[in-house]
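> Protein chains in written order, with our numbering: chain A, 12 to 352; chain B, 12 to 352; chain C, 12 to 352; chain D, 12 to 352.
No lab work stands behind these hints, which were simulated from the structure alone.
The reader is advised that the hints may include incorrect statements.
Heads up, the list lumps identical chains together, so a pair's fine if it works in one copy or across two of them.
[What the hints assert, rightly or not] Heads up, simulated BS3-like pairs for lysine-lysine below, C-alpha to C-alpha not over 25 angstroms straight-line: (1) K214 with K327; (2) K80 with K127; (3) K214 with K34; (4) K17 with K327; (5) K271 with K327; (6) K82 with K17; (7) K327 with K130; (8) K79 with K130; (9) K327 with K33.
Residues per chain are reported as follows:
4 protein chains.
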Amino acid sequence: MIIVLKPGTSEQDVQQVADAVKKFNYEPRLIRGVERTVVACIGDERNHHTLESLIVLPQVESVTPIQKKYKLVSREYQGRDTVLDVAGLKIGGGTFHVVAGPCSVENQAQTMETAKVVKSYGATLFRGGAFKPRTSPYDFQGLGRDGLEILKQARAATGLPIVTEVMSPQDVEMVASYADILQIGARNAQNVPLLAEVAASGKVILLKRGVSGLIDEWLLAAEYICVHGNSKVILCERGIRTFEHACRNTLDLSAVAVAKKETHLPVFVDPSHAAGRFDMVIPLARAAVAVGADGLLVEVHPDPATALSDGGQQLKPKQFGQLMAEIRPIVEVMGKQLGRA
Amino acid sequence: MIIVLKPGTSEQDVQQVADAVKKFNYEPRLIRGVERTVVACIGDERNHHTLESLIVLPQVESVTPIQKKYKLVSREYQGRDTVLDVAGLKIGGGTFHVVAGPCSVENQAQTMETAKVVKSYGATLFRGGAFKPRTSPYDFQGLGRDGLEILKQARAATGLPIVTEVMSPQDVEMVASYADILQIGARNAQNVPLLAEVAASGKVILLKRGVSGLIDEWLLAAEYICVHGNSKVILCERGIRTFEHACRNTLDLSAVAVAKKETHLPVFVDPSHAAGRFDMVIPLARAAVAVGADGLLVEVHPDPATALSDGGQQLKPKQFGQLMAEIRPIVEVMGKQLGRA
Amino acid sequence: MIIVLKPGTSEQDVQQVADAVKKFNYEPRLIRGVERTVVACIGDERNHHTLESLIVLPQVESVTPIQKKYKLVSREYQGRDTVLDVAGLKIGGGTFHVVAGPCSVENQAQTMETAKVVKSYGATLFRGGAFKPRTSPYDFQGLGRDGLEILKQARAATGLPIVTEVMSPQDVEMVASYADILQIGARNAQNVPLLAEVAASGKVILLKRGVSGLIDEWLLAAEYICVHGNSKVILCERGIRTFEHACRNTLDLSAVAVAKKETHLPVFVDPSHAAGRFDMVIPLARAAVAVGADGLLVEVHPDPATALSDGGQQLKPKQFGQLMAEIRPIVEVMGKQLGRA
Amino acid sequence: MIIVLKPGTSEQDVQQVADAVKKFNYEPRLIRGVERTVVACIGDERNHHTLESLIVLPQVESVTPIQKKYKLVSREYQGRDTVLDVAGLKIGGGTFHVVAGPCSVENQAQTMETAKVVKSYGATLFRGGAFKPRTSPYDFQGLGRDGLEILKQARAATGLPIVTEVMSPQDVEMVASYADILQIGARNAQNVPLLAEVAASGKVILLKRGVSGLIDEWLLAAEYICVHGNSKVILCERGIRTFEHACRNTLDLSAVAVAKKETHLPVFVDPSHAAGRFDMVIPLARAAVAVGADGLLVEVHPDPATALSDGGQQLKPKQFGQLMAEIRPIVEVMGKQLGRA
């Protein structure tokens with residue numbers, strides 16, 4: 012921690028800060044500058060009480076941590092890329108996977124049709140929502156367990172592992188009995204009890220960044236999962252909320268590059284939720300590949316105009332085929348292996 | 012819903028849109044404009060399938076809902092102010108209450124001391140966190156049930172009703188057995204299973220706006236609680252995340268004025284979390300009263316420099332006394348009654 | 012400047028940083044921490060080359076300035092409040108002034124009528140735009156010099172000093188020959204050539220915060236004016252751009268409190284542009300007084316429905332009268348003197 | 012325009028709105044819905060007074076424009092891509108150009124060295140700032156005309172056309188006599204007098220998006236230039252200001268895709284200013300190519316650690332060589348021709 016004191020602080024007030032620092036078991040080092048005195052505080056910031064509360068002392072101008080708060084997810088802790096195994100698929104470490112499927116599981120026919128068609132175009136995992144976190148209580152809330160049963164049939168029919176969202180700690184065990192990957196949605200990005208519970212399931216977790224989540228908060232949410240004994244985490248960037256509303260969110264591809272640098276975890280991108288409009292999904296998917304992502308989540312529906320949720324952002328099967336055709340050469344340029352290829 | 016078609020849309024394509032609209036049981040009315048044709052769709056938007064998915068049709072330029080999505084919380088539904096009863100206190104409808112207490116319940120002594128002193132200065136409810144949603148897994152996570160026991164003692168000693176946060180659906184019953192008001196924190200502002208569970212408790216719910224929550228989303232979260240049979244909701248503005256970082260969040264007092272106009276619910280303000288720094292709490296508290304809020308949440312700690320969480324934003328008891336002294340005449344100007352006065 | 016080195020940096024690489032620091036005439040002090048070495052760099056950051064470019068060295072993790080960049084506008088430089096004289100009015104230092112008038116000067120009748128009526132309700136300065144910075148080239152761009160002539164007549168008729176915006180360095184001399192206070196609009200908040208030119212006019216400058224201006228940038232824009240020899244600056248908060256769109260901007264009243272603490276300059280608030288809707292202007296005006304502002308800018312139009320610009324945010328004369336009635340007792344609570352009172 | 016009336020509006024009040032609409036020469040069409048009446052107003056919104064001011068009528072709930080405000084820059088106005096000629100280079104329409112050079116022209120040696128090296132790696136235009144818009148008055152403000160003279164020498168030595176910023180209307184003629192492309196910086200994105208003046212120069216204009224500029228505002232700024240008779244505009248996305256601060260700005264690549272769809276103008280990307288840190292420039296450059304941009308602006312400095320401005324974001328020459336090597340195959344995948352190739 013670096014504590015900067017206000018100009019003109021008396022020797023006695025400097026000493027008071029040094030004493031407070033010692034009380035928290037840091038070692039203070041005083042640096043007398045031109046205008047200000049700085050107290051550098053030596054000690055492991057993760058194991059000690061934060062000194063940030065010393066800002067309440069009248070002679071303190073600022074308190075700045077110098078350590079990063081996350082550890083287990085960091086490149087410093089593990090230099091090599093994490094490679095996860097999902098039903099025999101390798102995720103991360105030079106592979107590139109496309110997870111595709113409808114926003115919501117609406118019924119058996121829609122789900123099975125979508126699963127087969129996305130597989131035919133090269134998707135290697137299948138997604139579909141059975142529990143839907145909707146902004147309005149009057150919107151379709153998902154089929155629940157019935158939806159999970161349909162997903163199970165889709166896996167049986169196609170062999171594609173299933174990615175689906177879980178919203179409540181109480182549902183984790185049930186959802187985990189159907190899913191290959193548990194998704195934590197953007198609205199639950201800091202839902203600590205849920206993070207603890209999914210960690211305990213032992214499943215691979217796909218962790219979306221919060222709607223207004225700082226990259227640091229996103230990595231700390233992953234750290235929560237790791238601290239609870241499960242390091243099988245895929246990070247997923249899905250756009251952040253900004254002032255711009257031409258798209259529903261602003262896809263932050265720099266976050267992908269930062270996350271790839273700071274952590275050893277695979278990083279996926281969800282261009283469908285980022286854009287909120289189908290006509291932006293393909294260009295953003297290409298850009299996601301080029302920035303260095305390890306996979307994509309893409310929403311596909313046989314007839315988006317009649318979808319029960321987020322119809323405007325779902326691709327028709329042929330459009331999904333075009334997406335796959337357009338990303339394939341960029342995946343190659345990036346030196347990655349697409350799907351099972 | 013208003014559907015705007017692209018310039019030069021053929022008669023056949025106009026008809027296709029009209030047919031799609033009919034299929035969803037709206038009645039289409041065509042308006043031929045100078046450059047564009049508009050399809051006005053008549054039907055209750057809350058009971059019908061949304062037409063927003065029609066944006067995927069190539070001839071559609073935009074689809075705009077015209078109804079508000081919330082109903083039970085709206086002034087249209089109930090014109091008069093909701094007045095809640097909490098252990099004999101009237102909340103809303105011309106009263107003004109200050110909820111004060113520490114960020115976290117740290118131990119019995121700190122909690123009891125704070126409860127007594129905030130009461131002496133005029134607080135009418137007591138707050139303290141037993142379950143703490145922290146960004147980092149290495150930070151203090153709260154005392155849990157032990158903290159609730161301490162809060163119970165504080166109520167016994169002072170008579171102040173207790174406001175405390177609940178983070179998990181599984182904990183609702185237990186927390187509700189101790190608390191007078193259940194708080195939903197900003198990170199859980201769209202945690203649908205939790206909203207349903209607290210609604211079922213029958214308690215008064217203090218619902219914070221999400222860190223990046225639109226006012227519409229905040230009101231829809233309240234609508235979720237109402238739809239689940241509990242209309243005892245207090246809205247609480249606590250600052251939103253913006254680019255500015257002089258304060259931790261940007262207190263959005265226009266949201267208070269908008270919420271007072273759009274809904275019949277009481278609206279409180281939490282200047283402590285908004286500011287994230289103690290020296291901004293008092294001016295923001297004054298402004299919150301003047302904009303028309305019905306109450307405040309203020310963090311107070313006997314010794315903020317040693318606090319286990321958010322020390323930098325907590326007031327010392329004397330500073331809290333000053334806050335009460337400064338808001339009192341503004342509460343009067345606003346024609347409201349402060350606390351039990 | 013505080014330079015944090017990456018864990019495991021070799022002694023030689025530490026020395027390279029220390030040498031680089033010396034080359035820029037700072038004195039480096041090494042602090043060996045638990046995981047990281049910190050280089051505290053002693054030297055006046057305003058007179059020296061920034062060290063921030065050292066982030067390009069591979070062993071450097073972060074570089075953090077510790078001095079504030081502004082000086083002349085700071086409370087450290089001048090402890091007492093600046094009090095400005097505008098045609099005999101004292102601005103700042105315990106007074107409270109309301110500047111009112113139409114968004115645009117549209118014609119003589121509209122302008123004169125508004126000037127008289129706002130004066131009758133207690134406004135002490137008159138505002139009106141002759142040069143209008145509009146988002147679209149197809150919108151009304153203002154009357155230019157003809158508008159200034161009308162403003163001159165309004166001053167002659169009412170005695171109210173004139174506040175009006177100038178957008179181009181070439182127009183400063185002309186506008187200054189008509190206006191008592193030159194306004195720098197939010198779009199020009201970092202227009203350096205314009206800041207230099209208005210400084211040279213010797214007029215009082217009302218400096219709006221940029222649409223997405225950090226408080227630091229706002230104060231540095233004021234510093235530009237001071238550096239060019241003119242310290243007669245009024246800061247004006249007018250809302251910032253955020254994700255929320257219930258109002259056009261989000262009024263940031265914490266910025267007022269921060270600016271009052273950090274600087275000695277008067278701080279005004281423009282609730283009309285912040286809200287972008289007339290029905291939020293009065294509550295925000297009350298809050299602005301209560302947070303500690305020294306004045307308000309309020310838009311008033313005899314018939315807002317027919318206004319040539321921003322009709323939706325302008326108050327009718329009677330509504331302005333209500334605003335004055337509602338803020339008066341709060342100005343008194345704040346211990347300030349309203350207008351000439 | 013679509014005007015939505017409040018539920019329960021009387022027939023007389025409906026008629027009042029219809030009459031107001033007629034007064035502004037629109038033709039009103041009434042649609043009686045389930046809860047609300049809608050007034051669809053027929054008329055060209057660009058040639059008529061806006062109806063948005065009717066929001067002040069008490070019976071009006073909302074007023075929504077349905078036309079886009081820009082025209083000359085739109086795909087509706089011109090379907091084919093604009094292709095610009097700059098000293099024989101074709102910009103847009105299937106070409107891809109990299110503009111490279113230092114943030115600031117610091118001296119002759121640094122500038123000439125950089126120009127030669129970026130040319131050797133494949134840059135086809137040279138950039139360098141002579142007039143620098145700096146946040147602080149204490150930072151390096153650029154060499155002014157001396158800098159322009161050095162740029163002239165760089166062009167003479169390398170044949171690379173020059174891109175440089177102009178900040179003041181008074182300087183346009185002078186800067187235009189040196190530059191091949193005039194750059195409008197993000198801080199001047201809505202500086203209307205400057206937009207008018209650069210339009211009059213007849214030069215190609217590189218128009219950066221504002222720091223918090225909506226895509227609509229960016230396109231309207233381009234429309235200003237076109238309305239003033241100059242349609243030679245290159246749009247340039249350079250990151251927007253959001254809550255995230257891992258990078259200085261958030262590069263918004265969806266804005267590139269939206270701009271490519273909405274307009275016929277070439278769209279460039281500046282990953283250097285977006286990132287504000289050199290280590291993110293290459294991945295963002297790759298992504299910019301893949302999303303569909305027509306060119307890049309990249310900052311390069313022989314020794315970034317000693318740069319007089321923005322050292323932290325400038326690439327060393329070898330890093331720039333790596334950038335060119337990494338984007339080349341993606342430019343090919345996109346079916347574009349890189350530089351003069």
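> Take the hints in turn and mark each one as holding or not.
Here's how the hints hold up against the structure:
no.: 1; hint: K214 with K327; in the structure: neither (30 angstroms within a copy, 44 angstroms between copies)
no.: 2; hint: K80 with K127; in the structure: neither (43 angstroms within a copy, 36 angstroms between copies)
no.: 3; hint: K214 with K34; in the structure: neither (42 angstroms within a copy, 42 angstroms between copies)
no.: 4; hint: K17 with K327; in the structure: between (61 angstroms within a copy, 21 angstroms between copies)
no.: 5; hint: K271 with K327; in the structure: between (31 angstroms within a copy, 22 angstroms between copies)
no.: 6; hint: K82 with K17; in the structure: between (32 angstroms within a copy, 14 angstroms between copies)
no.: 7; hint: K327 with K130; in the structure: within (14 angstroms within a copy, 44 angstroms between copies)
no.: 8; hint: K79 with K130; in the structure: neither (41 angstroms within a copy, 40 angstroms between copies)
no.: 9; hint: K327 with K33; in the structure: between (63 angstroms within a copy, 22 angstroms between copies)
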